[in-house]
Amino acid sequence: DAGITQSPRHKVTETGTPVTLRCHQTENHRYMYWYRQDPGHGLRLIHYSYGVKDTDKGEVSDGYSVSRSKTEDFLLTLESATSSQTSVYFCAISVGDEQYFGPGTRLTVT
Amino acid sequence: GENVEQHPSTLSVQEGDSAVIKCTYSDSASNYFPWYKQELGKRPQLIIDIRSNVGEKKDQRIAVTLNKTAKHFSLHITETQPEDSAVYFCAASSSGGSNYKLTFGKGTLLTVNP
Chain C
1 DAGITQSPRH KVTETGTPVT LRCHQTENHR YMYWYRQDPG HGLRLIHYSY GVKDTDKGEV
61 SDGYSVSRSK TEDFLLTLES ATSSQTSVYF CAISVGDEQY FGPGTRLTVT
Chain X
111 GENVEQHPST LSVQEGDSAV IKCTYSDSAS NYFPWYKQEL GKRPQLIIDI RSNVGEKKDQ
171 RIAVTLNKTA KHFSLHITET QPEDSAVYFC AASSSGGSNY KLTFGKGTLL TVNP
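Line by line, the protein sequences give chains C and X.
The opening residue of the first sequence carries number 1 in the numbering used here; numbering runs sequentially from there.
The opening residue of the second sequence carries number 111 in the numbering used here; numbering runs sequentially from there.
Pulled out of the complex, with its shape left as it was, chain X reads as follows (with noise of 0.2 Å):
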């Protein structure tokens, strides 16, 4: 099965730097790749997500890469702020036939310092 290695664990940044977190997966099949954001007490939020046929994607502040050959993808935040502060997860998916399973890194507590 899909195994979604994600790194660091932890990232403390200051207010206004850049935030970079790194996922890998083991899957070739696998052609979706969404990044969620997860405050405290609350339920994971997709944020942002990466198709294989894309090599790249932005919204605004936040922006995800893939390079298929090596089997990596990462999360970029710019500008970051207080309230980036969370944990986020990247996952991955072979998509159709019959189910959409996601496989989940274990997270990464970011931490913006004002």
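Chain C with its partners taken away, still in its complex shape (with noise of 0.2 Å):
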């Protein structure tokens, strides 16, 4: 499993409440990556880390900010949850070109 934990594993919130979700990895991996999962659209990706304190954005990032002030921990927050943002969202180590993706969020918006 590449040594990566996400928390929660599923979260109910209320449209408008601020969601942070929380990718935690064990073994110094350098780059960092969020993806949302939706039916008909595969993996897309929010939002990416190549260090601390160094991300960018991915080709759905509206809505989302990240942060990465630790090696180990790379945090997806929603500052305004919406019901378009109901999906399950993967965290992913790159190992080289290779990619590795943690179990996974679920999260709904209601």
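Because the hints were derived from the structure by calculation, they are not lab data.
Computed from a predicted model, the values in this text were never measured in an experiment.
Misleading hints may appear alongside valid ones.
Unchecked claim - Partial list, computed: chain X residues near chain C (C-beta under 10 Å): (1) 116; (2) 141; (3) 154; (4) 161; (5) 211; (6) 212; (7) 213.
What the hints assert, rightly or not - Pairs of lysine-lysine, DSBU-like flavour, derived with a Cα cap of 35 Å: (8) 178/X / 57/C; (9) 53/C / 152/X; (10) 147/X / 70/C; (11) 132/X / 178/X; (12) 152/X / 216/X; (13) 132/X / 57/C; (14) 57/C / 181/X; (15) 216/X / 11/C; (16) 132/X / 216/X; (17) 147/X / 167/X; (18) 152/X / 70/C; (19) 178/X / 168/X; (20) 147/X / 216/X; (21) 147/X / 11/C; (22) 70/C / 216/X; (23) 168/X / 147/X; (24) 70/C / 53/C; (25) 152/X / 181/X; (26) 216/X / 53/C; (27) 132/X / 168/X; (28) 167/X / 132/X; (29) 181/X / 147/X; (30) 132/X / 147/X; (31) 178/X / 167/X; (32) 181/X / 167/X; (33) 57/C / 167/X; (34) 216/X / 57/C; (35) 216/X / 178/X; (36) 216/X / 167/X; (37) 53/C / 147/X; (38) 181/X / 168/X; (39) 152/X / 178/X; (40) 147/X / 178/X.
Note that the Cβ used here is the ideal one computed from N, Cα and C, for glycine as well.
Join these two chains into a complex; the hints should help.
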């Protein structure tokens, strides 16, 4: 499992509330990624990080922010959750070219 | 940016038959092409990958081929088994530099009927 954990694994929240998802890795990998997975869309990159405090946007970054203050933790924040952000969120790390995924977080925004 | 198209979106085969999933990509700079298998409720798992300096790669019953000129690559599964049933995703990346971003296809639901 490449030493990746995500928390929480499931969350239900209301529209307009802030939500933070956490990705934690134990093997000091430099690159970390956040994806969302929706039926019919595959996996789409939200944000990624290439080091502590170094982050950049992916293809679906609107409504999301990230932070990486420590190598092992990459946080994804929905400042004000909307129903369109109901999804399964996967964190990933790179080992060279290869990416390995965390177990995912199922987020429901009601 | 990169765009990856994947076909078919669903594929049903009989146990023992072969399955082929095809992907095309748009960015000629892409040089890394992984395939992931995702079982229901689980995380995507890397099953095989190919780099642009190689035309074909095999690992037991699965193989991947790459045609750089045509910008397409394919996953071949031979002697399919019910446990091969899953969603398969292709992806493309221009590795190196400041990131190893992957662009994914939309997935193929493979069903292997006993």
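Taking the hints in turn, this is what the structure says about them:
At its closest, the beta carbon of residue 116/X sits 8 Å from a beta carbon of chain C; the interface hint therefore holds under the 10 Å criterion. Given the 10 Å rule on beta carbons, the hint for residue 141/X holds: about 9 Å separates it from the nearest Cβ of chain C. Interface hint at residue 154/X: satisfied, since its Cβ lies 5 Å from the closest Cβ of chain C, which is below the 10 Å cut-off. Interface hint status for residue 161/X: upheld, as the beta-carbon distance to the closest one in chain C is roughly 7 Å, under 10 Å.
With a cut of 10 Å, the hint placing residue 211/X at the interface with chain C holds, because the nearest CB-to-CB distance is about 6 Å. With its C-beta approaching chain C no nearer than about 6 Å, residue 212/X sits inside the 10 Å limit, and its interface hint holds. Checking residue 213/X against chain C by beta carbon gives a least distance of about 8 Å; that is within 10 Å, so the hint holds. As the CA atoms of residue 178/X and residue 57/C are separated by approximately 28 Å, the hinted pair is consistent with the 35 Å bound.
Restraint check: the Cα-Cα separation between residue 53/C and residue 152/X comes to about 30 Å, which is no more than 35 Å; the hinted pair holds. With a C-alpha separation of about 30 Å, the suggested pair residue 147/X and residue 70/C falls inside the 35 Å cut-off, and the hint holds. For the hint linking residue 132/X to residue 178/X, the alpha-carbon distance of about 14 Å falls within 35 Å, and the restraint holds. Proposed proximity of residue 152/X and residue 216/X is supported: the alpha carbons are some 17 Å apart, at most 35 Å.
The straight-line distance between the Cα atoms of residue 132/X and residue 57/C is roughly 28 Å, inside the 35 Å bound, and the hint therefore holds. Taking the CA atoms of residue 57/C and residue 181/X, the gap is about 26 Å. The hint holds against a cut of 35 Å. A C-alpha spacing of about 25 Å is found between residue 216/X and residue 11/C, which places the hinted pair at or below 35 Å, so the restraint holds. Proposed proximity of residue 132/X and residue 216/X is supported: the alpha carbons are some 12 Å apart, at most 35 Å.
Proximity of residue 147/X to residue 167/X is assessed by CA-CA distance (about 17 Å); at most 35 Å being required, the pair is judged to hold. Taking the CA atoms of residue 152/X and residue 70/C, the gap is near 27 Å; set against the 35 Å cutoff, the hint holds. Simply put, residue 178/X and residue 168/X have alpha-carbon atoms about 18 Å apart, close enough for the 35 Å limit, and the pair holds. Pair hint residue 147/X plus residue 216/X holds up; C-alpha atoms about 12 Å apart against a cutoff of 35 Å.
With a C-alpha separation of about 25 Å, the suggested pair residue 147/X and residue 11/C falls inside the 35 Å cut-off, and the hint holds. Proximity of residue 70/C to residue 216/X is assessed by CA-CA distance (about 32 Å); at most 35 Å being required, the pair is judged to hold. Restraint check for residue 168/X and residue 147/X: satisfied, since their Cα atoms lie roughly 16 Å apart, inside the 35 Å limit. In summary, the hint linking residue 70/C to residue 53/C is supported, as the alpha carbons are separated by about 8 Å, within the 35 Å threshold.
With a C-alpha separation of about 30 Å, the suggested pair residue 152/X and residue 181/X falls inside the 35 Å cut-off, and the hint holds. Between residue 216/X and residue 53/C, the direct Cα distance comes to roughly 31 Å. Compliance with the 35 Å bound is thereby established for this hinted pair. Proposed proximity of residue 132/X and residue 168/X is supported: the alpha carbons are some 16 Å apart, at most 35 Å. Proposed proximity of residue 167/X and residue 132/X is supported: the alpha carbons are some 15 Å apart, at most 35 Å.
Straight-line distance between C-alpha atoms of residue 181/X and residue 147/X comes to about 22 Å, which keeps the hinted pair within the 35 Å bound. Proximity of residue 132/X to residue 147/X is assessed by CA-CA distance (about 14 Å); at most 35 Å being required, the pair is judged to hold. This hinted pair checks out: residue 178/X and residue 167/X have alpha carbons roughly 14 Å apart, not beyond 35 Å. Taking the CA atoms of residue 181/X and residue 167/X, the gap is near 17 Å; set against the 35 Å cutoff, the hint holds.
Distance restraint check for residue 57/C and residue 167/X: the Cα-Cα separation of roughly 33 Å lies within the 35 Å cut-off, and the hinted pair is therefore satisfied. For the suggested pair residue 216/X and residue 57/C, the alpha carbons sit about 20 Å apart, so the restraint of at most 35 Å is met. A distance of roughly 21 Å separates the Cα atoms of residue 216/X and residue 178/X; the hinted pair therefore holds under the 35 Å criterion. Pair hint residue 216/X plus residue 167/X holds up; C-alpha atoms about 23 Å apart against a cutoff of 35 Å.
Under the criterion of a C-alpha separation no larger than 35 Å, the hint pairing residue 53/C with residue 147/X is consistent with the structure, at around 32 Å. This hinted pair checks out: residue 181/X and residue 168/X have alpha carbons roughly 19 Å apart, not beyond 35 Å. A C-alpha spacing of about 32 Å is found between residue 152/X and residue 178/X, which places the hinted pair at or below 35 Å, so the restraint holds. Between residue 147/X and residue 178/X the CA atoms are separated by roughly 23 Å; this keeps the pair inside 35 Å, and the hint holds.
Violation of the numbered hints given earlier is absent; every hint is satisfied by the structure.
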